[in-house]
Each structure stands twice: as structure tokens, then as C-alpha cells.
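Trainee: Sequence:
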Amino acid sequence: MAGDDEEIIEVLGNKYNPEILDAAGEPKSAQELSDQLGVPIATCYRRINELESTELLELHDRPLSDEHRRIKVYRRCVDGVNVTFRDGLTVELEERSEVKNKLDDVWRTMTDG
Numbered sequence: 000m001a002g003d004d005e006e007i008i009e010v011l012g013n014k015y016n017p018e019i020l021d022a023a024g025e026p027k028s029a030q031e032l033s034d035q036l037g038v039p040i041a042t043c044y045r046r047i048n049e050l051e052s053t054e055l056l057e058l059h060d061r062p063l064s065d066e067h068r069r070i071k072v073y074r075r076c077v078d079g080v081n082v083t084f085r086d087g088l089t090v091e092l093e094e095r096s097e098v099k100n101k102l103d104d105v106w107r108t109m110t111d112g
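Residue numbering for the sequence shown follows numbering that gives the first Met the number 0, beginning at 0 and increasing consecutively.
Rather than coming from a laboratory, the hints here were simulated on the basis of the structure. Incorrect hints may appear among the rest.
Using C-beta positions, here's what the derived DEER-type ranges look like [said to hold, decoys possible]:
{"id": "1", "residue 1": "68", "residue 2": "88", "range": "26 to 34 Å"}
{"id": "2", "residue 1": "67", "residue 2": "41", "range": "20 to 28 Å"}
{"id": "3", "residue 1": "5", "residue 2": "48", "range": "41 to 49 Å"}
{"id": "4", "residue 1": "85", "residue 2": "6", "range": "17 to 25 Å"}
{"id": "5", "residue 1": "84", "residue 2": "13", "range": "14 to 22 Å"}
{"id": "6", "residue 1": "66", "residue 2": "41", "range": "15 to 23 Å"}
{"id": "7", "residue 1": "42", "residue 2": "91", "range": "25 to 33 Å"}
{"id": "8", "residue 1": "67", "residue 2": "8", "range": "38 to 46 Å"}
{"id": "9", "residue 1": "42", "residue 2": "82", "range": "32 to 40 Å"}
{"id": "10", "residue 1": "65", "residue 2": "93", "range": "30 to 38 Å"}
{"id": "11", "residue 1": "39", "residue 2": "91", "range": "30 to 38 Å"}
{"id": "12", "residue 1": "67", "residue 2": "5", "range": "40 to 48 Å"}
{"id": "13", "residue 1": "83", "residue 2": "18", "range": "43 to 51 Å"}
{"id": "14", "residue 1": "88", "residue 2": "54", "range": "14 to 22 Å"}
Glycine included, C-beta positions come from ideal geometry on N, C-alpha and C.
Can you build the whole structure from these sequences, using the hints too?
Mentor: Listed below in C-alpha cells is the structure:
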């Protein structure tokens with residue numbers, strides 16, 4: 000993971016970021032996340048960039064929209080974040096399982112059709 004522990008804590012502390020990560024368990028576009036969470040779209044894009052910079056969120060796919068334009072679809076890279084303060088700050092990330100990654104690949108194949 001690219002982000003250091005303090006950077007991850009800072010990003011997770013920003014408004015909307017935990018909600019975006021929670022909602023991005025399944026691949027979603029910025030517009031879908033914005034609509035679902037009631038986050039202004041410009042703010043949603045800023046938060047996505049922050050989450051990508053710490054590798055908590057990733058660009059999952061770029062399918063064609065109904066208007067035949069490429070849209071970016073994001074999903075979280077982690078299933079859990081554990082923070083401990085014993086012996087200093089420690090952040091442990093629980094990465095997505097291979098099973099979930101494979102299910103997402105099936106979803107991507109089905110939506111390409």
C-alpha cells in the first residue's frame with residue numbers, strides 16, 4: 000500500500016471518505032456514489048482522488064455508458080482497516096479477497112455485453 004499510516008488516518012478522517020469506501024464494495028461510478036450518498040459531485044471526485052492516492056480505492060473499469068461514453072467505475076481495495084494505538088500508531092489494511100475480485104471480473108464481463 001502506498002499511503003503511510005498517518006496519511007491513511009488523515010484521509011479516512013475526511014468527510015465522506017468512509018462512506019465512499021463503504022459504498023464502493025461493489026464497483027460504482029463517481030455519479031452513482033454521489034447520488035447514493037448525497038455528496039456533491041465535485042467533492043466526490045476530490046474524495047475519490049484522496050482515496051486512490053492511499054490505494055484504498057482503485058479504478059476498477061471504464062465501461063461504456065448508455066450515451067456511449069467511457070465512465071470510470073471505482074471499487075475499494077480493502078475490506079477492513081484496523082487502527083491500534085498500542086506502541087505507537089499502527090494501521091493494518093485487510094485487502095479484498097481473491098473471491099471478491101473474481102466476482103467483480105464476472106460483473107465486468109457481463110456489463111460489457
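Trainee: It remains to establish, for every hint, whether it holds in the given structure.
Mentor: Evaluated hints:
1. 68 with 88: 26 to 34 Å: Cβ of residue 68 to Cβ of residue 88: about 42 Å, so the range 26 to 34 Å is violated.
2. 67 with 41: 20 to 28 Å: This hint holds: roughly 24 Å between Cβ atoms.
3. 5 with 48: 41 to 49 Å: violated, 18 Å
4. 85 with 6: 17 to 25 Å: Holds, since residue 85 and residue 6 (Cβ atoms, about 20 Å apart) stay within the stated range.
5. 84 with 13: 14 to 22 Å: holds, 20 Å
6. 66 with 41: 15 to 23 Å: holds, 21 Å
7. 42 with 91: 25 to 33 Å: holds, 28 Å
8. 67 with 8: 38 to 46 Å: 41 Å Cβ-Cβ, so the 38 to 46 Å window holds.
9. 42 with 82: 32 to 40 Å: Cβ of residue 42 to Cβ of residue 82: about 24 Å, so the range 32 to 40 Å is violated.
10. 65 with 93: 30 to 38 Å: For residue 93 against residue 65, whose Cβ atoms are near 35 Å apart, the range 30 to 38 Å holds.
11. 39 with 91: 30 to 38 Å: Between residue 39 and residue 91, where Cβ atoms are some 32 Å apart, the hint holds.
12. 67 with 5: 40 to 48 Å: holds, 43 Å
13. 83 with 18: 43 to 51 Å: At roughly 23 Å between Cβ atoms, residue 18 and residue 83 fall outside 43 to 51 Å, so the hint is violated.
14. 88 with 54: 14 to 22 Å: holds, 18 Å
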